[in-house]
Amino acid sequence: MIAASRPRGEAAPSVPALEAMRQAATVTDSSSVPAARRRRSWSALLWVVPAFGMYGVFVLFPMLQSVQYSFYDWDGIGPATPAGLDNWKAIFTQPELLQAVVHAFVLVVFYTVLPVGLGLVAASFIRELRPGAFSTTARVVLFVPQVLPLVAAGIAWTWMYSSDGLVNQVLRAVGLDQYTRAWLGDLAFALPAVGVIGVWVMLGFCTVLLLAGIGKIDPALYEAARLEGAGRVGEFFAVTLPGLRRELVVCTTFTIIAALASFDVVQVATQGGPGYQTMVPGVQIYRLTFLQQHVGQASALAVFLAVVVLVVIWPIQRLGREK
Amino acid sequence: MTTSGLAHRVTRTWILLALMLFAVVPLLSMFTTALAPPGSTPQGLSWPSDPHWHNFVDAWSAANFVALFRSSTLIVLGVVPATVAMATAAGYALAQLNVPFGKAIYGLLLVGLTLPFEALITPLYYDLRSMGLLGTRLAIILPLIGLLTPFGVFWMRAHFLGTEPALAEAAKVDGANTWQTFRRIHLPLATPAWSALSVLFFLSSWNQYLLPLVLVDDPTKRTVAGGLGAFQGQYGTDIVLLCAGSLLIILPSLVIFLIFQRNFVKALMQGAVK
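These protein sequences, in sequence, are chains A and B. Residues in the first sequence are numbered consecutively from 1, following this note's numbering. Residues in the second sequence are numbered consecutively from 1, following this note's numbering.
Possibly wrong hints are sitting among the right ones.
[To be verified] With the C-beta cut set under 8 Å, the calculated list includes, among others, these residues of chain B facing chain A: (1) Val10; (2) Trp14; (3) Gln43; (4) Ala87; (5) Tyr92; (6) Ile105; (7) Leu109; (8) Thr114; (9) Met131; (10) Leu134; (11) Leu147; (12) Gln180; (13) Arg183; (14) Gln232; (15) Gln234.
Derived from the structure by calculation, the hints contain no laboratory data. By construction, the Cβ of each residue, glycine as well, lies at the ideal position given by its N, Cα and C atoms.
Just chain A, same shape as in the assembly (with noise of 0.2 Å):
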């Protein structure tokens, strides 16, 4: 008698991935909730206990003993000894940690800014189409990328671009046969090669998010613009762009997060190498605990990358809210 009657606010769930992202942009600025409504009641813990214990025994407590760990020397199995800040001041000095790091932002280009460039142009190209085959087929075939699981883009990336690959093929029938190489084994070459499949998995991701938030946009808008005597340039940055401030916020967040702590591309089609010449801080984290045993100096690694995402991400989420 009540239930039924409730208007359907939004329509059905959109893509998952992109209605949780936006969820995720929203939530901080709707918190408010009349206190008429709300009686203070222990039993309401109960209702939060189960999700927030498994919480606290599988991230908060191990996240602490990351930051426990980062101050010691040990080997996973004897005693640990007491390090101080060594492990700390390891991650500054020893080169390739720090080469990790950078490694980490050389990477937000590839699967932040340009994902996000072009899916604006993308974006925007689909929208002026008339609905139909060719724009539901370019919405979905460049959203496939991004259901896979990432260690299948690596290995198909590491075909792609293996000496008998199709990016050396190409090459060669345009008669560039001097410029083919091991792309993934070129000291200069393997880091933007990683990056290329950053790009790969995260283009359909923002195409569909951008597009999504640009089909929000008031019409109304468009028209004033175009009596204004805006071209297709202008109309762009006048309407679209500022249009979808919190959909580029949240494919902002999303991307840099996922190059930031980037492991299993990387994992699958480097390991790092050649050298440490793709090396990213989730690999290292890995390598150090698990190959090399050196458990503090993973941890502080770990919590290191932690600090980092927080702080990168932070002022993009306020930026965000702000009105």
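Chain A is already provided as a structure; the job is to place chain B on it using the hints.
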């Protein structure tokens, strides 16, 4: 005007086609490679004169796919319903009830949203070892529940903040207690939210790579993605078999996506009209 309009349309179509080509070409290259004669090293993209469909059967048995899919299914079943249920309860309480220390609890959960899995993997390994769970599926299931929880609570809380307060008030007037209000009114209305969350959690469990890689040695007790990693280590030099196996492994994710694709295109269109 018309010529520039035409030029724009042509450029637009070509750029979109180029981006679509970029998206599918690695998968096409895998596909043609998977059909090449077993043990050969074909060119990146070349249709074999005599496609060897049997490669998929060989890869199926080489990677022990039956065990791998069974294991992944068990892991998904262990993670998704439990996490969605707990996140729904917590999200509901944090949005609609007056939970003691609710703000602090929610604040702590927010920290978990940006936490990279790698930042926790070292202590998790030693914790699970001392619990005696290393090498079992529980070693993947339990941490994954904890790791997915912040996002789930976040998502469900956002949904429950948007529900009409008048509904709960009316139910209370009718004499319903908290549980009845939740069960009869809020939960049915939240179906789109928690079902979307389930799909999302399915994909992130099914595609999970780091946890199985580190916590479980036996590939047949891993997720499909973890198994794929092991498969690559074992057959990395046999590119034909590797491509066939990888395609088999990504098929379920692809099918799930294509099924839900129809729903979300419709939803996006409705959003656009609104």
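Cross-check of the supplied hints:
1. The interface hint given for Val10/B is broken, as the beta carbon of that residue sits about 12 Å from the closest beta carbon of chain A, more than 8 Å.
2. Annotation: interface hint on Trp14/B violated; nearest CB of chain A at approximately 10 Å, more than 8 Å.
3. At a threshold of 8 Å, the smallest CB-CB gap from Gln43/B to chain A is about 5 Å, leaving the interface hint in force.
4. With 8 Å as the threshold, the beta carbon of Ala87/B comes within range of chain A, its nearest partner Cβ sitting at about 6 Å, so the hint holds.
5. Below 8 Å, beta-carbon pairs count as interface contacts, and Tyr92/B has one with chain A at about 6 Å; its hint therefore holds.
6. Annotation: Ile105/B was flagged as interfacial toward chain A, and the flag holds, the nearest CB pair being 6 Å apart, inside 8 Å.
7. Because the beta carbon of Leu109/B sits about 6 Å from the nearest beta carbon in chain A, less than 8 Å, this interface hint is met.
8. Taken as an interface hint, Thr114/B checks out: its beta carbon lies about 5 Å from the nearest beta carbon of chain A, inside 8 Å.
9. Of the supplied interface hints, the one on Met131/B is violated, with its beta-carbon coming no nearer than about 10 Å to a beta-carbon of chain A, more than 8 Å.
10. For Leu134/B, the interface hint is violated, the least distance from its beta-carbon to any beta-carbon of chain A being 12 Å, above 8 Å.
11. With a least beta-carbon distance of about 6 Å to chain A, the hint placing Leu147/B at the interface is held under the 8 Å criterion.
12. A distance limit of 8 Å between C-beta atoms decides the matter here; for Gln180/B the minimum to chain A is near 12 Å, and the interface restraint is violated.
13. For Arg183/B, the suggested interface contact is broken, since its CB lies about 11 Å from the closest CB of chain A, more than 8 Å.
14. Taking 8 Å as the C-beta cut-off, the interface hint given for Gln232/B holds, the closest approach to chain A being about 6 Å.
15. Given the 8 Å rule on beta carbons, the hint for Gln234/B is violated: about 13 Å separates it from the nearest Cβ of chain A.
Taken one by one, the earlier hints fail for this structure at numbers 1, 2, 9, 10, 12, 13 and 15, listed in ascending order.
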